[in-house]
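Chains as they are written, first to last, in this note's numbering: chain A, 1 to 385; chain B, 386 to 770.
Treat the hints loosely; a few may be bogus.
Now the stretches of chain B that chain A is said to cover, found in silico as 3 or more residues with beta-carbon under 8 angstroms [as the list claims (entries may be wrong)]:
#: 1; region: 557 to 571
#: 2; region: 691 to 698
#: 3; region: 737 to 743
Reference listing, derived: stretches of chain B covered by chain A, where coverage requires no fewer than 3 residues with Cβ under 8 angstroms from a Cβ of chain A [to be verified]:
#: 4; region: 492 to 498
#: 5; region: 510 to 516
#: 6; region: 524 to 535
#: 7; region: 640 to 653
#: 8; region: 657 to 671
The hints are simulated quantities; they were obtained by calculation from the structure and are not laboratory data. Every residue gets a Cβ at the ideal spot worked out from N, C-alpha and C, and that includes glycine.
Protein chains: 2
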Amino acid sequence: MERVAIIGASMTQFGQREAWLQELLAEAAIDCLEDAGVTGEEIEHLYVSNMASGEYEGQTGAVNALAHDIDAMPAYTQRVDQTSSSGGAGMFAAWQSVASGASGMTLLVGGEKMTHRTTAEATDVIASLTHRVEYKHGITLPSFAGLTARHYLERFDAPRESLGKVAEKNHRNGVDNPNAQFQKEVDLETILESPIVADPLRLYDFCPITDGSAALLFCPESVATEYADEYVVVSGIDGATDTHVVHERDDPTVMRGVVESGKGAYEMSGYGPDDIDVAELHDMFTILEFLQMEGLGFAEQGEAWKLIEEGYTERDTGEFPINTSGGLKSKGHPLGASGVAQAVEIYEQLMGEAGPRQVEADVGLTCNVGGFGNCVITTIMEAGQ
Amino acid sequence: MERVAIIGASMTQFGQREAWLQELLAEAAIDCLEDAGVTGEEIEHLYVSNMASGEYEGQTGAVNALAHDIDAMPAYTQRVDQTSSSGGAGMFAAWQSVASGASGMTLLVGGEKMTHRTTAEATDVIASLTHRVEYKHGITLPSFAGLTARHYLERFDAPRESLGKVAEKNHRNGVDNPNAQFQKEVDLETILESPIVADPLRLYDFCPITDGSAALLFCPESVATEYADEYVVVSGIDGATDTHVVHERDDPTVMRGVVESGKGAYEMSGYGPDDIDVAELHDMFTILEFLQMEGLGFAEQGEAWKLIEEGYTERDTGEFPINTSGGLKSKGHPLGASGVAQAVEIYEQLMGEAGPRQVEADVGLTCNVGGFGNCVITTIMEAGQ
Chain A
1 MERVAIIGAS MTQFGQREAW LQELLAEAAI DCLEDAGVTG EEIEHLYVSN MASGEYEGQT
61 GAVNALAHDI DAMPAYTQRV DQTSSSGGAG MFAAWQSVAS GASGMTLLVG GEKMTHRTTA
121 EATDVIASLT HRVEYKHGIT LPSFAGLTAR HYLERFDAPR ESLGKVAEKN HRNGVDNPNA
181 QFQKEVDLET ILESPIVADP LRLYDFCPIT DGSAALLFCP ESVATEYADE YVVVSGIDGA
241 TDTHVVHERD DPTVMRGVVE SGKGAYEMSG YGPDDIDVAE LHDMFTILEF LQMEGLGFAE
301 QGEAWKLIEE GYTERDTGEF PINTSGGLKS KGHPLGASGV AQAVEIYEQL MGEAGPRQVE
361 ADVGLTCNVG GFGNCVITTI MEAGQ
Chain B
386 MERVAIIGAS MTQFGQREAW LQELLAEAAI DCLEDAGVTG EEIEHLYVSN MASGEYEGQT
446 GAVNALAHDI DAMPAYTQRV DQTSSSGGAG MFAAWQSVAS GASGMTLLVG GEKMTHRTTA
506 EATDVIASLT HRVEYKHGIT LPSFAGLTAR HYLERFDAPR ESLGKVAEKN HRNGVDNPNA
566 QFQKEVDLET ILESPIVADP LRLYDFCPIT DGSAALLFCP ESVATEYADE YVVVSGIDGA
626 TDTHVVHERD DPTVMRGVVE SGKGAYEMSG YGPDDIDVAE LHDMFTILEF LQMEGLGFAE
686 QGEAWKLIEE GYTERDTGEF PINTSGGLKS KGHPLGASGV AQAVEIYEQL MGEAGPRQVE
746 ADVGLTCNVG GFGNCVITTI MEAGQ
């Protein structure tokens, strides 16, 4: 089967935006088409990754509005929702549309508009993805993160500081990302003394509420070569679920969705953990970066914290940079956009377009986590020229 | 490329149900798996077509809950939303998952839970799919239907009764569908004298608010033959958009999404309108049955009404039966389920399992309309044994 290529990428400024979702989607879409030198009329399939525009804005059908706004009609359109991994699910949908032969040119745009709602309103919508049997007891995603972090630190004898260092690193990387919501360093002391949210996790262990959008353009590799000398190829992609009721999991430090989607993506690509040069992991909570490093084989179980302590995952000095973009932690987390924006960073790294964030990389990986690992999508990309 | 087969189908009782969406989805899913003799563990991809569980029930992530409930983990899951054509979009997603090689066994479940909300609340959510520039003037889908019906009747000199006859026929067909919301005949006089909703359309020109769910099981044809002697094949499928702002369309009686998705599905299948033996059209409003008959080439523009008058589309006596299931009109319209339920009817017709609704058919078609033709998915199916 012919490989699926990515020939354009873009993301809007993440943060508190005045624009509505429809405008944010159009902004990223138009930038992406310009980046690739492709017009709206050439698009055959258009996917919008978005979790909750109905709940947040009282607006549905945003993908149809976007087809209209970027002159993509009569392109086929569909909204992709996989809660906080909607972006990764959009990657899989876009890949399938091209790999199946249904589309010769597929635009994926992920976006979410959230900051016009209060934090309580915004997080209530996110909490609606948890199972009723847990939600009714008030257990939300941050609660799960706190419980898991406590378990991890005690079981593996890891220092609390190691989690803080994830936040410190990702904030430092975000300084060089002009589209990040927070472009500032935060020192470890500030992180460790910030207000408790879900003990032992504190404010700086969490990503913010964010508006923003990101886009990628997919086509068969034979078409990519007509548009560009350099492009990126999706070498492997897979998604997998874990129990929806989190307390039913055997080991709270193992996210089966991470493990299984990683296994699928590795198998498809022919690569293993050692072949990956750079990764964007879903650091919605700092503890998740450890769980993904371990679930994807970048560290043994219970040992990811040691790699952070050793500086192994630092962008400029480490052997294996993680979250060069700044991660969800500093870049922000517009739910439907995040999985796409992760891939935009890997695209730019592989194309040598990452500017001050550039690292040496031939093969990159993204891991996008829906809910508390309820569904996870892992993607492996490489330079295709 | 290997053809994509359907080896199982089911739908729940449509109507006012006590169950929540999560239970409705599980009910159809389990029935479908039993119908095919496949277990949850065998599922590789699981798609849920649903427009608005977040808005209607305050519950998101229903597809992850379903994977859990039917023991499909670690199957990959995704929610598919294309407003009122979410079911058809789910068909396309499921088809792509198999055709791309990403999945060897894909379960699609479409569902919506609506009747616990007032009609005003339920329709407000639907209205949120229209474009702001029209919505702010109070123009909702029923308004567009009324305006279009008025235009059609006057321009093509069609009698008001012809629209009533669509409702009469579909109600008559629904009598023999044990899962239909309304299993009763309604005479033309009652239809024509029912309360005005959007002049000239009256109450019986509209489908009801409904709870329900439907499911289909997809796999490569080579796998289908391992499970069944008889199965159905997806011969053609395509989707297409029209302007999101309805008043920008050149001809209000031509739905470009219908025309283009039909063209794509015909091309892929190698069939034309004359080859189709039975069709399920999206009769959310009676006038839509005319527009789809014309857009898909079953009638010349402005002449569909004559075929109704001649009895050409009657189930038991006509040459080309339309909506043998009772259509959305009598079966009901749980948004995310409808496109799937349309295909369930065609599946049963092609398998010879339609009981008192059975017609002679080798090739069938479904047309699922999102919004007021904002995006349309057309599917052509045939017996595959």
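Tell me, in ascending order, the numbers of any earlier hints that this structure violates.
The structure conflicts with hints 1, 2, 3, 4, 6, 8, although it agrees with all the remaining ones.
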